[in-house]
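Got chain B sorted already, so can you dock chain U onto it with the hints?
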Amino acid sequence: MIEVVDLTKVYPNGTRANAGLSFAVHEGEVVGVIGPNGAGKTTLIRQLLGLLKPTSGRIRILDCDVVRHPHMIKGRVGYVPQAPGFYPSLTVEEVISFVLSLKGLRGAALRERVMETLTLIGLEQSARLFGYQLSYGMAKLVLLGMAICQNPPVLILDEPTAMVDIERKERVWQAITAARARAVLLASHDIHEVREHCTRVYLMLGGKFIAEGPPHEIAALTRLSTVITLVAENPQRVEEMLVKSGDMFSRKGEVFEIIFPELGMALARLEQIRQVTALRYIYVEAPSLEKAVKALLWEGRAQ
Amino acid sequence: MKFWNVILLELKGMRVYKVFLFINLVVLPFSYAVVLLLAGAGQDYSYLLSGLVVASLVGSFMGVVAQRVSNLVQPQVLELYAVLPARMELMVVGTVAAYALLVLPQVVVLMGLAIGLSRAGMEALLAIPGTLLGLLFLAVLGVFLGTLIRNPFKAQGLFPLLSFLLLLAAPVYYKAEGLPRVYVVLVFLNPLTHVLNVVRPPLGFTPLWDIRVSIGLLLIGGGLMGAYALRSLRNPKMLERFF
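From first to last, the protein sequence lines stand for chains B and U. Using this note's numbering, you'd call the opening residue of the first sequence number 2 and step up by one each time. Using this note's numbering, you'd call the opening residue of the second sequence number 159 and step up by one each time.
Take these hints with a grain of salt, some might be off.
Think about it this way: if two alpha-carbon atoms lie no more than 30 Å apart in a straight line, the pair counts; the simulated DSBU-like pairs of lysine-lysine are [what the hints assert, rightly or not]:
1) B:Lys170 - U:Lys312
2) B:Lys104 - U:Lys312
3) B:Lys104 - U:Lys160
4) B:Lys75 - U:Lys333
5) U:Lys160 - B:Lys54
6) U:Lys333 - B:Lys54
7) B:Lys54 - B:Lys245
8) B:Lys54 - U:Lys312
9) B:Lys245 - B:Lys292
Computed footprint of chain U on chain B, listed as stretches where at least three residues anywhere in the stretch have a Cβ under 8 Å from a Cβ of chain U [as the list claims (entries may be wrong)]:
10) 89-99
11) 102-113
12) 161-171
Okay, the calculated beta carbon distance ranges per label pair [as the list claims (entries may be wrong)]:
13) U:Lys312 - B:Arg69: 30 to 40 Å
14) B:Arg183 - U:Val235: 20 to 30 Å
15) U:Leu382 - B:Gly15: 24 to 34 Å
The set of hints was computed from the structure by calculation and includes no laboratory data. From the three backbone atoms N, C-alpha and C, an ideal C-beta is built for every residue, glycine too.
Extracted from the complex, chain B is given alone in its bound form (with noise of 0.2 Å):
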């Protein structure tokens, strides 16, 4: 669905963005893009979208080449951008409609649709609210109902959940699923996200990848993977005993967050807390794909 091969990048001030990047992403697949500012995620989108002309290397959306033939992605890719952007003074609605009628839609079938994407988003009670009275998260709802109302095949969203609350995070998913794009390519900072969803991720830095991987091997390539965070009814208790056996710890007022080599050692400390006093509350990352990324951007940095 999108093939990118030894993509390359470098501005007219000497600046090279991206280097020899290469990946896929198939029919069905979910594929996730991580790395952190100035990584060249976005470099690496507006190629896609056809912006910005690759130095060297190829793209290929749906079988057509999108550098000679940039305009084939209107109507075929959806995009969800990074910027809350909106229109101050259209309706919700209003802007679907606009979208679906440049696609030619008309009449009863222009409402219908128009209702479905509401559905979809979950909007339909805010379908007459303005732009200029809509929350970031509801216009992040609207960019994406912008994008999925005309039904594209492949979808590229950028941070698609940044500035959104928790619940609006789920509608987005929700959203997302049920417009069953062929696939989709996820640019995120929300780590917990891209494990949650996509089935590949390529963490980015410096304009390459330095690694690729489902979630769970990304998270396994260091071994600062598992984590726990808990609130002991003894606090005291705990640090003496971490402090002691010389376990890598943090505490913030109650609450620990310990960090072990491998999920053996992690359940066996676990065990050992459990004997000196009660836990109120517990949360186990094994492996931790956060700490893995951050790892592996520290190394990525070093060399």
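Okay, now just chain U, sitting in the frame of chain B:
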């Protein structure tokens, strides 16, 4: 049909600015017209009114078009529109048409008044095609400026400055005869003078030079600027050279 949808979108998009639009498109130009009619005793009203129409088109049409086009070619907007089933040039032309519709009432009323008050009789009606040519030229100039100056921070300062310079070095309210020689050259180089030179002769005023020269220059200049703007808008790789 897509074209009408873009126009409708733009017009609906202006609902929140209705007070601003009412003041700029109705209150200011018509108040100014009243002032000209009251204070312009002894002068030719149709000269002043035709000048007001052209001046108003520069400020409330060309400047706004330039600002809006400059906004349309911002990275975030380009990204969003890249996947919409309409080409950028259609979005821009639709936008310009929407603004043209908005300024049309003041142009019709004020030019109608200028024609009605002129001493040229029925021949004054020939000022209408001249005005339309001027409107078209200023639309192209606005689009050209919008695609040329994409930096919104520069645009905010440069567009009003350009409008001011165009109005300053054109015989909008004063006569060009008797001006210092250097200033006449400046006036000749100003495209606004040529717009005025196309609009005013049918109203009974002596042309500053052969009207065909002005028509030719407006067509050639407009054509070149239009070609540049079209080339920019058709080039999807607009973000290659940003700011």
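Right, here's what the structure says about each hint:
1. This hinted pair does not check out: Lys170 of chain B and Lys312 of chain U have alpha carbons roughly 37 Å apart, beyond 30 Å.
2. Only pairs whose Cα atoms come within 30 Å are accepted, and Lys104 of chain B paired with Lys312 of chain U is rejected, the gap being roughly 35 Å.
3. Only pairs whose Cα atoms come within 30 Å are accepted, and Lys104 of chain B paired with Lys160 of chain U is accepted, the gap being roughly 8 Å.
4. A threshold of 30 Å between alpha carbons decides the hint, and for Lys75 of chain B with Lys333 of chain U the separation of about 52 Å lies outside it, so the pair is violated.
5. Straight-line distance between C-alpha atoms of Lys160 of chain U and Lys54 of chain B comes to about 28 Å, which keeps the hinted pair within the 30 Å bound.
6. The straight-line distance between the Cα atoms of Lys333 of chain U and Lys54 of chain B is roughly 52 Å, outside the 30 Å bound, and the hint therefore fails.
7. Of the pairs offered as hints, the one joining Lys54 of chain B and Lys245 of chain B is violated, with about 58 Å between alpha carbons and a cut-off of 30 Å exceeded.
8. Under the criterion of a C-alpha separation no larger than 30 Å, the hint pairing Lys54 of chain B with Lys312 of chain U is consistent with the structure, at around 26 Å.
9. Between the alpha carbons of Lys245 of chain B and Lys292 of chain B the distance comes to roughly 24 Å, so the proposed pair stays at or under 30 Å and holds.
10. Here the stretch 89-99 of chain B counts 5 residues with a CB under 8 Å from a CB of chain U, which clears the bar of 3, and the coverage holds.
11. Coverage of the stretch 102-113 of chain B by chain U holds [criterion: at least 3 residues with CB-CB distance below 8 Å; count 4].
12. With a cut-off of 8 Å between beta carbons, the stretch 161-171 of chain B has 0 residues touching chain U; three or more are needed, and the interface restraint is violated.
13. Remark: the range hint 30 to 40 Å for Lys312 of chain U to Arg69 of chain B is upheld by a beta-carbon distance near 33 Å.
14. Taking the beta carbon of each, Arg183 of chain B and Val235 of chain U are about 27 Å apart, inside 20 to 30 Å as hinted.
15. At about 32 Å, the beta-carbon gap between Leu382 of chain U and Gly15 of chain B stays in the expected band of 24 to 34 Å.
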